[in-house]
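Chemist: Keeping their order, the protein sequence lines are chains A and B. For the first sequence, this note's numbering gives the first residue as 1, with consecutive numbering after it. For the second sequence, this note's numbering gives the first residue as 332, with consecutive numbering after it.
In case anyone wonders, no lab produced these hints; they're calculated from the structure. Beta carbons are placed, not taken as given, at the ideal position from N, Cα and C, and that holds for glycine. Hints are not guaranteed to be accurate.
[As the list claims (entries may be wrong)] Below, a sample of chain B positions facing chain A; criterion: calculated Cβ distance under 8 Å:
#1 P499
#2 D688
#3 V692
#4 F744
[As the list claims (entries may be wrong)] No more than 25 Å apart at the CA atoms, straight line, and that leaves these computed lysine-lysine pairs for DSS-like:
#5 A:K185 / B:K486
#6 B:K423 / B:K438
#7 B:K562 / A:K320
#8 B:K461 / A:K324
#9 A:K324 / B:K562
#10 A:K324 / B:K586
#11 B:K412 / A:K320
#12 B:K581 / A:K324
#13 B:K478 / A:K324
#14 A:K324 / B:K482
#15 A:K320 / B:K729
#16 B:K486 / A:K214
Each chain is listed here by its residues.
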Amino acid sequence: MSDLYNVSAAPHVRSPIKTNSIMQDVIIALIPASLFGIFNFGLRALLVILVTVLSCVVTEYVYCKLMKIKSNPWDYSDVVTGLLLALNLPVGIPFWMAALGGVFAILIVKMLFGGLGQNFMNPALAARVFLFISFPGRMASFLVDKVSTPAVTDFLRDGALVLDGVSGATPLGQLKAGETVDLLKLFVGHIGGTIGETSALALLIGAAYLFYRKVINPIIPFSYILSFAVFALIFGGHGFDMNYLLGQILGGGLILGAFFMATDYVTCPITPKGQIIFGVFIGIMTGIFRIIGSGVEGVSFAIILGNLLVPIIDNLTRPKTFGKERVKDVK
Amino acid sequence: MARMTFMGGIHTYEGKELSKDKPTTVLLPKGDLVFPLSQHIGAPAKPLVAKGDPVLVGQMIAEAYGMISSNIISSVSGTVKAIERRLTAAGKMEESIVITNDNEYKKIEGYGQNRDYMNMSKANIRDAVKEAGIVGLGGAGFPTHVKLTPKDESKIDYVIVNGAECEPYLTSDYRLMMEEPEAIVEGLKIILRLFDKAKGIIGIEDNKPDAIERFRALTAVESNIEVQALKTKYPQGGERQLVYVTTGRKLNSKKLPADVGCIVNNVATVAAIYMAVAKSTPLTHRIVTISGDAVEEPQNFNVPFGISFTEILEAAGGFKVQPKKIVFGGPMMGKAMYTYEVPVTKTANSLLGFVKDEAAVEESPCILCGRCYFKCPLNLLPMKLQLMGLNNDEENFKKLDGMECCGCGCCSFVCPANRSLTQTIVQTKNKILAKKHELQELHKDHAANA
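Using the sequences plus the hints, can you model the full thing?
Modeler: Listed below in structure tokens is the structure:
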């Protein structure tokens, strides 16, 4: 039998870039930010990362087993979701809460809607917002300094964990209160915030890697950040104040969101034109949440709202076929 | 001037170095020769010989039947052994004329006679092309005399010679361009004589700098022939892409190049026109690439039509490793076959043997990365078209211009989830076309009955 030739329709060659290699690239790109998070917040950050990744992977595996779906454990998409979720969580979060976030991301947002490629919003962000709404106190308490790693027994009674770190206002909180921020500290990332969002430098290194590997294109991040900056310039009430503007851009989850969350293939528009609309929309929404709204952060909400608009944007920005006129009204 | 390029397109492993530098070997047939009656687009030719008839080299053995069809010419002398159904490289059984070779190569009268082609009338040139049984040798096989007879010949502004050869592994056009560039230039001059105000363009991908240089030198004195270096990118040699890149004019699936004032011919076709018009030599041979990582000595062969690929493969040393897949044509658009015991036809430009079948991979879910859209030279949305195809949603498939797909294969090539995009889209398109055809036939029947 093995002497028979394979017969299939053309083309007969395939590019070596596969789904799992793309996911691996994203994981590699997130390593600098993760390492910085661990450096900044201590070993507990690593444990949070492990908990969310594990909970995502296990949830997907169990779901596929129970539903008798052939799972593809090597596509690493669940690892990416878990990692992104951890980077979006404060380091002091109880482990069970982090694990719950992972289950929510994979089970509710991803698998129940059909699995990889079918989720209508970014699973990691949806889980973050879910946790944020369910446990607002825990999710909003950020630490600036290292947390001493608790002993093994403390893991189990997590809620009683004693945090040694100094909790303090995040840069965005400071800006909202009208204070100025240290931009260099912001850029390097020795500030309060979630595990992965603090270091713009580490995130940009990762983003540069993704650009180099052509995993993402710069349209969404740049239209997002630019439109947000313009919004902050006009409505921020500080005029052209570099400290305020850069503080807004570098201080919160904007860099992480713009380069790693908004560019999620599944939940962003396909055409460049649609991607610009999407970027501008979430830029303006982030501005509204941060500057006009009562909260200090709005990246997650903005991106999730943007995700919901993607089907409409895709329909409005249907590409024009080569040599033909534009087509309309496709359901 | 910055070179213009088309949107999308891909860069693959070219594989041309395997066979490009070896000179073409002329190969004589050993066994019987098989001439399928349908080796072009259009109606099958009608046989002019019967079993037992003697034939000569250059003798017409089957005649064009209907408007779009082509003559078939014997490449050897001998006797007709049978007219029967034989397997072709397209995987179909086709009615074929089988000729036993007498190895004498007796030619018909007037074969190879020089003609004063620069003073021939347009009608005579077209007749000579039709007589010679020339069809597009790039792979499509559209009868050339039909192409050279557009509705309004005064509207033709450009005669484009396609020397892009963008399919990986294939080097038959390159070898022809290196070995017989004069025939191509003279052939182009003959076509230009048919269209008074047309300008000639020879388009060659810039991965063949030596060929570009050679043609530039040969056409330096010709004021109305331009050699254009094209960016090396698949599918540069696709008709719509080539016309756009060389002239800036856009085609769609419903338009012929002639509708935008262009005539496009492959280099091998142009050389065949020269041989037919200037040398009274009908189309009986072509250059075939035998390549791929499973082949012992990849190279090009100049072979007569009708010869079996088995003989050519033997001449190339056979397979050094048992291939997993054999492909007729290029790896992007060619056909995989279960045997190579098939004859060389006008459109058969290669046989490739691959140790590994890269396409034998499992599909995984679409992650909407958009690579297929960015690489689609026609700016389609393959991921959506595939879903519509799988769901039998023909209405939306048509609305999203699925019928425009040229089947180049770029989307399937780049898909990281290994989805069968091109495969499903082409299949859906063919299904819709077949239905439309059936419907038309039905209407005809009704009209006839009424």
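Chemist: If a hint holds in the structure, say so; if it doesn't, say that too.
Modeler: Hint check results:
1. P499: holds, 7 Å
2. D688: Result: holds, 4 Å to nearest chain A Cβ.
3. V692: Interface hint status for B:V692: holds (6 Å vs cutoff 8 Å).
4. F744: holds, 5 Å
5. A:K185 / B:K486: Roughly 69 Å separates the two Cα atoms, so the pair is violated.
6. B:K423 / B:K438: violated, 31 Å
7. B:K562 / A:K320: holds, 23 Å
8. B:K461 / A:K324: Violated, at about 33 Å.
9. A:K324 / B:K562: holds, 24 Å
10. A:K324 / B:K586: Distance ~10 Å between A:K324 and B:K586 Cα, so the pair holds.
11. B:K412 / A:K320: Given pair B:K412, A:K320 is violated - Cα atoms ~55 Å apart, limit 25 Å.
12. B:K581 / A:K324: holds, 9 Å
13. B:K478 / A:K324: holds, 23 Å
14. A:K324 / B:K482: Holds, at about 22 Å.
15. A:K320 / B:K729: This hinted pair holds, its Cα atoms lying about 14 Å apart.
16. B:K486 / A:K214: violated, 44 Å
The earlier numbered hints that this structure contradicts are 5, 6, 8, 11 and 16.
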